[in-house]
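Starting from the given sequences, assemble the full structure and let the hints guide the process.
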Amino acid sequence: MLLNLLLIFILIVICPLIFNYTLTLNLTCYILVVISIFLSLIYSIMTYTFPWSMFVTFIIISIIMLFKHRYLFSHTSSRLFIKKLLSFSYKFVLYTSALLFISTIQSPIVKGLSMWLSILCLSLLLTFICYLVWTVSYRHRSYNKEVDIIIVLGAGIFTEFVTPMLAARLDRALDIYQQQASATKIIVSGGQGPDEPISEALAMQRYLIAHGVDKTDILMESHSINTYTNFLYSKQIINNLYHEAVKIVCVTSQFHVLRALRLAQKLGLSIDGVGSHTPYHFFLHVLIKDYLGVMYQYRLLLTLYCSSSWFICLYAAFIYNS
Numbered sequence: 001m002l003l004n005l006l007l008i009f010i011l012i013v014i015c016p017l018i019f020n021y022t023l024t025l026n027l028t029c030y031i032l033v034v035i036s037i038f039l040s041l042i043y044s045i046m047t048y049t050f051p052w053s054m055f056v057t058f059i060i061i062s063i064i065m066l067f068k069h070r071y072l073f074s075h076t077s078s079r080l081f082i083k084k085l086l087s088f089s090y091k092f093v094l095y096t097s098a099l100l101f102i103s104t105i106q107s108p109i110v111k112g113l114s115m116w117l118s119i120l121c122l123s124l125l126l127t128f129i130c131y132l133v134w135t136v137s138y139r140h141r142s143y144n145k146e147v148d149i150i151i152v153l154g155a156g157i158f159t160e161f162v163t164p165m166l167a168a169r170l171d172r173a174l175d176i177y178q179q180q181a182s183a184t185k186i187i188v189s190g191g192q193g194p195d196e197p198i199s200e201a202l203a204m205q206r207y208l209i210a211h212g213v214d215k216t217d218i219l220m221e222s223h224s225i226n227t228y229t230n231f232l233y234s235k236q237i238i239n240n241l242y243h244e245a246v247k248i249v250c251v252t253s254q255f256h257v258l259r260a261l262r263l264a265q266k267l268g269l270s271i272d273g274v275g276s277h278t279p280y281h282f283f284l285h286v287l288i289k290d291y292l293g294v295m296y297q298y299r300l301l302l303t304l305y306c307s308s309s310w311f312i313c314l315y316a317a318f319i320y321n322s
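Sequential numbering of the sequence shown, starting at 1, is according to full-length UniProt numbering.
No lab work stands behind these hints: they were computed from the structure. Be a bit skeptical, because a hint or two may be false.
[To be verified] Below are the DSSO-like pairs computed for lysine-lysine, each with C-alpha atoms no more than 30 Å apart in a straight line:
#1 K215 x K91
#2 K145 x K247
#3 K247 x K266
#4 K266 x K235
#5 K289 x K266
#6 K235 x K145
#7 K84 x K68
#8 K247 x K235
#9 K215 x K235
#10 K289 x K68
#11 K68 x K83
[Claimed, not checked] Label-pair restraints from in silico Cβ distances:
#12 L39 x Q180: 37 to 47 Å
#13 S87 x I109: 43 to 53 Å
#14 I18 x A181: 24 to 34 Å
Just so we're clear, the structure is a prediction, and the values are computed from it rather than from any experiment. The beta-carbon is built from N, C-alpha and C at its ideal position, and this holds for glycine as well.
In structure tokens:
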């Protein structure tokens with residue numbers, strides 16, 4: 001009964017995203033789904049059952065997502081990305097299956113350890129699928145809200161010009177800026193790395209001016225060295241400029257939105273997020289990196305989940321082995 005209720009909740013949150021509704025497109029809903037997955041898997045351990053309904057549901061969600069974005073199969077780079085993604089998922093399923101087979105061994109310690117590792121693998125796979133759903137949704141959302149500030153997060157540059165990935169962020173910010181009915185400021189946030197000829201903020205400012213943005217509408221934050229300091233220094237600019245609550249949207253690459261929202265949240269910034277296109281040739285790498293980065297931001301939750309699931313697996317192994 002509990003498993004079914006959790007599964008229904010997960011579907012209520014995810015289904016709108018699959019069909020392009022943004023009601024649940026936020027960090028809170030993502031984390032609630034992650035927690036629901038964790039609770040479902042712990043319940044499965046306690047009842048010594050495999051969560052087939054949840055596993056099959058996520059396979060169906062994955063198939064729907066592939067069908068919805070079937071245009072990806074028509075391009076070489078995106079097709080290669082899909083191939084790598086499916087290979088990555090297949091390896092996790094294979095590894096989980098092997099661990100579940102090992103858990104049939106009668107030794108309680110071996111059974112408990114293999115059960116625990118298989119649950120962790122399944123947790124990673126299911127929550128990663130959720131992360132992918134949110135990432136894709138942030139990329140394709142249509143944003144027409146009125147905002148006071150657009151924050152564009154920087155990305156590494158190699159010359160005095162923005163890279164294609166950073167240009168994609170700026171183009172997405174331009175789309176939002178041009179739709180605004182009232183005065184809106186754009187904060188370009190990015191410092192100068194040791195191998196960068198100029199600051200990312202300056203390169204972004206030049207790009208925006210070249211695309212018709214008034215220089216007075218661009219605020220430069222050129223001291224940050226990572227996403228956390230992007231928001232830390234941008235917050236100082238906002239506090240100096242405004243003395244009342246402001247509506248803020250952050251524009252960054254699609255894989256980066258959730259982690260950016262979490263770091264902004266930790267600094268007390270209430271912001272919305274919009275994602276831009278990421279080149280497919282390194283999409284999987286940064287997708288996994290930022291997925292792990294988001295989960296690390298909730299390390300207390302992960303610690304509680306890993307430790308409790310370990311003790312429950314060990315307890316279940318001794319109980320069901322006797």
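Evaluation of the provided hints:
no. : hint                   : verdict
1   : K215 x K91             : 50 Å, violated
2   : K145 x K247            : 9 Å, holds
3   : K247 x K266            : 17 Å, holds
4   : K266 x K235            : 12 Å, holds
5   : K289 x K266            : 20 Å, holds
6   : K235 x K145            : 21 Å, holds
7   : K84 x K68              : 18 Å, holds
8   : K247 x K235            : 13 Å, holds
9   : K215 x K235            : 20 Å, holds
10  : K289 x K68             : 25 Å, holds
11  : K68 x K83              : 16 Å, holds
12  : L39 x Q180: 37 to 47 Å : 42 Å, holds
13  : S87 x I109: 43 to 53 Å : 32 Å, violated
14  : I18 x A181: 24 to 34 Å : 31 Å, holds
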